[in-house]
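Heads up: the protein sequence lines correspond to chains A and B, in order. Counting from 1, one number per residue, gives the positions in the first sequence under my numbering. Counting from 1, one number per residue, gives the positions in the second sequence under my numbering.
None of these hints come from the bench; they were simulated from the model. Note that the structure is a prediction, hence the values are computed from the model and not measured. Watch out, some of these pointers could steer you wrong.
[Claimed, not checked] According to the in silico footprint, chain B covers these stretches of chain A (three or more CB under 8 angstroms from chain B):
1. 21–33
2. 123–132
[Stated by the list, open to error] Straight-line alpha carbon distances no greater than 16 angstroms define the calculated EDC-like cross-link-like pairs of lysine to aspartate or glutamate that follow:
3. B:K268 x B:E291
4. A:K29 x B:D42
5. B:K307 x A:D108
6. B:K87 x B:D61
7. B:K194 x B:D382
8. A:K29 x A:D42
9. A:K68 x B:E306
10. A:K66 x B:D61
Note that CB positions come from ideal geometry on N, CA and C, so glycine has one too.
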Amino acid sequence: MNFLKRTVPLVIAFVMGVLMAMQYYVPHKLSQDLLEVVSRWDRIIAGFAVFIGAYSLFHLHWTRIKRKVEGWGYSVFVYFGAIITLIFGFLNGGKFFWNDKQQGTMFDWLYYYVQVPAGATIFSILAFFIASAAYRTFRARTNESTVLLIAAVLVMLGRVPIGNYISQYIPAIADWIMAVPNLAAKRGILLGVSLGAIATSLKIIFGIERSYLGGGD
Amino acid sequence: MNLLKKTFFLTGIFFISFFITSILVAQSPAFLIPPTEFKAFDTPNDAGETISLTWSASPNDSPDVFYVIYIDRDKNGAFEKEAIRIKSNTSYRTSAPEIYGYKKKNGDYHYVQIFPKKVYNGETLPKKQTLYFKLTMVSGDTKVFLDAIASATAHGNLIHTKKINNFVIMIIISTIILYFIVHARRNPDMFLRKIGGLDAVDEALGRATEMGKPVLFVHGLTGMGSISTIAATSILSRIARKIADYDANLKVVNNDPIVMSVSQEVVKESYLEAGRPDAYNSDNVFLVASEQFPYVAAVGGIMTREKPAANFFIGYFYAEALILAETGSTTGAIQIAGTDAYTQLPFFITTCDYTLIGEELYAASAYLSREPMLMGTLRAQDVGKGLLIIILILGTILASFGLTFITHLFEAF
Numbered sequence: 001m002n003f004l005k006r007t008v009p010l011v012i013a014f015v016m017g018v019l020m021a022m023q024y025y026v027p028h029k030l031s032q033d034l035l036e037v038v039s040r041w042d043r044i045i046a047g048f049a050v051f052i053g054a055y056s057l058f059h060l061h062w063t064r065i066k067r068k069v070e071g072w073g074y075s076v077f078v079y080f081g082a083i084i085t086l087i088f089g090f091l092n093g094g095k096f097f098w099n100d101k102q103q104g105t106m107f108d109w110l111y112y113y114v115q116v117p118a119g120a121t122i123f124s125i126l127a128f129f130i131a132s133a134a135y136r137t138f139r140a141r142t143n144e145s146t147v148l149l150i151a152a153v154l155v156m157l158g159r160v161p162i163g164n165y166i167s168q169y170i171p172a173i174a175d176w177i178m179a180v181p182n183l184a185a186k187r188g189i190l191l192g193v194s195l196g197a198i199a200t201s202l203k204i205i206f207g208i209e210r211s212y213l214g215g216g217d
Numbered sequence: 001m002n003l004l005k006k007t008f009f010l011t012g013i014f015f016i017s018f019f020i021t022s023i024l025v026a027q028s029p030a031f032l033i034p035p036t037e038f039k040a041f042d043t044p045n046d047a048g049e050t051i052s053l054t055w056s057a058s059p060n061d062s063p064d065v066f067y068v069i070y071i072d073r074d075k076n077g078a079f080e081k082e083a084i085r086i087k088s089n090t091s092y093r094t095s096a097p098e099i100y101g102y103k104k105k106n107g108d109y110h111y112v113q114i115f116p117k118k119v120y121n122g123e124t125l126p127k128k129q130t131l132y133f134k135l136t137m138v139s140g141d142t143k144v145f146l147d148a149i150a151s152a153t154a155h156g157n158l159i160h161t162k163k164i165n166n167f168v169i170m171i172i173i174s175t176i177i178l179y180f181i182v183h184a185r186r187n188p189d190m191f192l193r194k195i196g197g198l199d200a201v202d203e204a205l206g207r208a209t210e211m212g213k214p215v216l217f218v219h220g221l222t223g224m225g226s227i228s229t230i231a232a233t234s235i236l237s238r239i240a241r242k243i244a245d246y247d248a249n250l251k252v253v254n255n256d257p258i259v260m261s262v263s264q265e266v267v268k269e270s271y272l273e274a275g276r277p278d279a280y281n282s283d284n285v286f287l288v289a290s291e292q293f294p295y296v297a298a299v300g301g302i303m304t305r306e307k308p309a310a311n312f313f314i315g316y317f318y319a320e321a322l323i324l325a326e327t328g329s330t331t332g333a334i335q336i337a338g339t340d341a342y343t344q345l346p347f348f349i350t351t352c353d354y355t356l357i358g359e360e361l362y363a364a365s366a367y368l369s370r371e372p373m374l375m376g377t378l379r380a381q382d383v384g385k386g387l388l389i390i391i392l393i394l395g396t397i398l399a400s401f402g403l404t405f406i407t408h409l410f411e412a413f
């Protein structure tokens, strides 16, 4: 059992890791075809994985409905929404699912007029959360937080027309802050992240990091 | 005197005629000066789908003059098929630094790439088909054909020579990492600076145990193909092991089915290792939604209803980062975030109690386990960073004096 659960996955990780690393340096058509095949395998596996995810989701909400835990009514809505979407998806505007997907069906309507606005609503909460986070954070408690406060005020003013009305230098200062110290910090973080990603990738390829298989090291 | 006057008169007529003729000749489209050095060759470092053509610029190059290249499979063919048509003041070797570098003369030569498959409308050409090209200069109704016919055969290349610098750097860094992994076995006592967020994990789990409330682990939006998600599952296994020891409650929310499957396996094995297989509940590791904002709404709802004592946001996050962190902070939970998404770091830093910034996320596995081999990679990363800093300083100084060879040495194609 250990052979199938530990050894085989480690061998696959090593072989595929080295192969795909080498693929990057080989421009030949065979190499491009290999990349295409592996990408296709990945998409197929992800497609099958959707069933696992769907089972988990429905099982979770069925348990909540059965036990009538707090908020179980929302779980009823999950089933309601899923069933309605499935019905209209299978109907496919009257042509049924064995034909090509039709445009302008009720399925599309549910996506464009229910799901997209709902997502936009959640996204719009971000504006209020940014304001509340800024109110809590931009306090001149220490030297560093004072610098943060001044920089934040300059950048915010520099990004709106009123900044230019106050002074023509504010947008220029805001641009400088974003282009020089901010970019320097971003690049520093990226350098560290890149090296960390290389090290983590090597650990996984060579089987040093095995926690993703479960069961520690 | 008469002779002198005659001489002056004839000389004047001669120069005026010459001057007028020169102007007319220069403006006349009939007098196109064709380019020279017309060559075709297989485009290097590609899959064998293109052929490159180059020729010298002509003094007549202008927006009104065009270069037209005709293609044929037979050297003695009619050359009726047009492969490419460009304005004569465009497409120079300067646009192909991966082939010609950064020489000053690159502006004196034209360069184009031909895709034979596109020219022949997707028709499958025989392998190693030699193709022939003819260059024409066109201005209005005037066409000037070059006598020379260039030919080339496209074939795939086994090695991308312009990526050799990348390969060498990869080998060097990999060697350093592997060396320190081996070295760490012999010398396991290695200094690691304190990472506040990781030291606070015990505190957060202890708090959750005392309050009798769950610990919420939130994965990012990327799948198992992302390094940050792999690092997150590594941290999850350590957290799950401690939670099993403390007999607390762990909930793991997922956005991706594969990540969910891996997380279930990781948590289950952690509980087994802790000797608490009975405490493991597979319903606690679940998928909430596969879309971004439904995921946020579901996780926000879980936080508001169940009020976990500790929230862990580990992985790669997008716009939902602040919504999750702010919702969590309103419930009074201790929050530890770890992400390599530099755009979301400011939001996590302002709203979470502790934040693992960038590479600290990758260091978490080594830091929490203190295994020598994992800690060796941290030392190797530091050495790599030191090398990069030296190269950056050296390159900046040299570039300030106009010596850009280090910049080009590290250029990626």
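Here is what the structure says about each hint:
Counting residues of the region 21–33 of chain A whose C-beta sits closer than 8 angstroms to any C-beta of chain B gives 10, which meets the bar of three, so the coverage hint holds. Beta-carbon proximity to chain B at under 8 angstroms applies to 6 residues in the region 123–132 of chain A; the threshold of 3 is reached and the given coverage holds. Note on B:K268 and B:E291: the hinted pairing is violated, with a Cα-Cα distance of about 26 angstroms set against a maximum of 16 angstroms. Under the criterion of a C-alpha separation no larger than 16 angstroms, the hint pairing A:K29 with B:D42 is consistent with the structure, at around 14 angstroms.
Taking the CA atoms of B:K307 and A:D108, the gap is near 36 angstroms; set against the 16 angstroms cutoff, the hint is violated. Distance check on the hinted pair: B:K87 and B:D61 sit about 8 angstroms apart at the alpha-carbon level, within 16 angstroms; holds. For the hint linking B:K194 to B:D382, the alpha-carbon distance of about 15 angstroms falls within 16 angstroms, and the restraint holds. With a CA separation close to 20 angstroms, the supplied pair A:K29 and A:D42 exceeds the 16 angstroms bound.
Using a Cα cut-off of 16 angstroms, the hinted pair A:K68 and B:E306 holds, with the two alpha carbons roughly 14 angstroms apart. For the hint pairing A:K66 with B:D61, the CA-to-CA distance comes to about 80 angstroms; that exceeds 16 angstroms, so the pair is violated.
In summary, the structure is inconsistent with hints 3, 5, 8 and 10 from the numbered list given earlier, while agreeing with the others.
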